[in-house]
Amino acid sequence: MFHKILNKEPGVKKQPKAIPITLSTRIRLARNLRQFPFPGRAEVAQKRAVLSKCIDAMSGIKGLDNSVSVEVDDLSELDRQILVEQHLISPELSQVEEGSGIVLTQDRSCCIMINEEDHLRIQVLRPGLDFSSVWKHADEVDSGIESAISYAYDGELGFLTACPTNLGTGMRASVMMHLPGLVMSKNMDKVINAVNQLGIAVRGLFGEGSDANGSIFQISNQQTLGESESAIIDRLNSTLESLVRQENFAREKLLQDDRSRLVDKMSRAIGSLKTCHLIQSAEAMDLISLVRLAADLGMMPDKFRGLADRMFIEVQPGHVQLSAGKAVEPSQRDELRAELLRNHFLRAPLLDLSSHS
Amino acid sequence: MKCHHCDKQATVHLTQILNGQMHKMDLCESCAQAKGVTNPENLSISSLMDKVELEVDPNATSMVCESCGTTHQEFKKGGRLGCEACYHVFRPILDPLLDGMHAGTKHLGKVPAGSESRIHYEQSIDSLKKKLQDAVEKEDFEKAAEFRDQLKDLQNQAKTTV
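Heads up: the protein sequence lines correspond to chains A and B, in order. With our numbering, the residue at position 16 of the first sequence is 177, and numbering never jumps. With our numbering, the residue at position 107 of the second sequence is 108, and numbering never jumps.
So that you can see chain A by itself, here it is in the shape it has in the complex:
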């Protein structure tokens, strides 16, 4: 059952169109139950009690219709990896031993981690940029759960979390951004320093400490206490707007100053994707990133932006194995990944430079 959800295409008709620069929006709420030690301090029996209490509390609530729950240790190694690659669970949760669980909606828009660092990590994600509907969904699920169980909460400190950095709202709002212009123009370090000073964190594709393959960055609020959820989202939004402006500016400047080099890179990326026979995921990510950029610049049809977003996930090691239907050695994985990319980019056109000459 669970495996099936992971394997299928998400509800295609409701999927919003991929837009330039902003890949997806996410909100995560950290919550703990009263009278139970936080997971890091809990015995297995206590974790099990929390797990069943939480799952009971979630049955039939709004925003979690058609969801399935599963214990992490009932999942295969591969399923866990797939969940991590789809950004539905953290790498930490995929490694836990006993007493942790996942509740996932059929459309994969909401995934709740139980007994990760906190008892509950309610996550809602959507393609594109859409904080209002993501917040509404997360808030609804959170209130639904809270109507059945009491949260650890303090009038002054807000929701109590295992790590004091999540205290207060317990909310981490984030956006996945595609910033190849700032990376190529070597401005990314400066940008990271600047937004850090505004209390905004920048991470790689898979969270803390991960590489920024494919020029994809996760931008999120650093602070959770002392501001309301809407104030945090507003501040994050204004930072995002300025990042979008700077990325667009960097792209224009690259087109002006170094046009041939940029066009050459994008053009060769398409060539490589059409003809590769062995490719590692990092290289694949960088090539796909260039295709997305070309689509943003009007040099590739729009639909390649959506394809790029799908491929960013499908070239990950777990997904390559999933589509092969069996465990495969890394070298064979590189072959399968190349085959996947060749098939998808077989009919990709050459860059359309007509509007940019």
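These are calculated hints, taken from the structure and not from any lab test. Just so it is clear, the structure is predicted and the values come from calculations on it, not from any experiment. Do not take every clue at face value.
What the hints assert, rightly or not - In silico DSSO-like pairs for lysine-lysine, Cα to Cα no more than 30 Å straight-line:
{"#": "1", "chain 1": "B", "residue 1": "K77", "chain 2": "A", "residue 2": "K297"}
{"#": "2", "chain 1": "B", "residue 1": "K131", "chain 2": "B", "residue 2": "K153"}
{"#": "3", "chain 1": "B", "residue 1": "K107", "chain 2": "B", "residue 2": "K77"}
{"#": "4", "chain 1": "B", "residue 1": "K9", "chain 2": "A", "residue 2": "K351"}
{"#": "5", "chain 1": "B", "residue 1": "K9", "chain 2": "A", "residue 2": "K347"}
{"#": "6", "chain 1": "B", "residue 1": "K3", "chain 2": "A", "residue 2": "K347"}
Given the coordinates of chain A, assemble chain B onto it according to the supplied hints.
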């Protein structure tokens, strides 16, 4: 402005508020990077705590949470608390940390609908009453009427939900 550590031009201006006192430091890009201040995530809880403890409470190092057994050492090393009671036990050393870590030290976000909704309700009533009084004092009767209506609405809402 020159860097605090070398003679280069300072471009990073670090302001930290620890225990209610403001500490300022000007650094050049390379010194800032070396010290890890360009990325607030690198300002680990443990390094912040070293500074805080001495200033706050000489007995801090012997603190332990009776409810879950988390010791001061464990909190310092892992940066994680063990249960809700830890927030009372470690509060004295936590408060100054929160100051540097967050935008404020008071929760202004969502209030769970359960028992805590009452606190929020009382806070909203207090704040509206104060606004109303201010408006009356300033003879801004248009605003005052607005606040009076909001107050009424809030009180009526509470009646219907109880």
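Against the structure, the hints come out as follows:
Note on K77 of chain B and K297 of chain A: the hinted pairing is violated, with a Cα-Cα distance of about 36 Å set against a maximum of 30 Å. At roughly 14 Å between alpha-carbon atoms, K131 of chain B and K153 of chain B fall within 30 Å of each other, so this suggested pair holds. A C-alpha spacing of about 23 Å is found between K107 of chain B and K77 of chain B, which places the hinted pair at or below 30 Å, so the restraint holds. For the given pair, K9 of chain B sits about 18 Å from K351 of chain A by alpha-carbon distance, which is consistent with the 30 Å threshold.
With a CA separation close to 22 Å, the supplied pair K9 of chain B and K347 of chain A stays within the 30 Å bound. Restraint check for K3 of chain B and K347 of chain A: satisfied, since their Cα atoms lie roughly 25 Å apart, inside the 30 Å limit.
Going down the numbered hints, you'll see the structure goes against just number 1.
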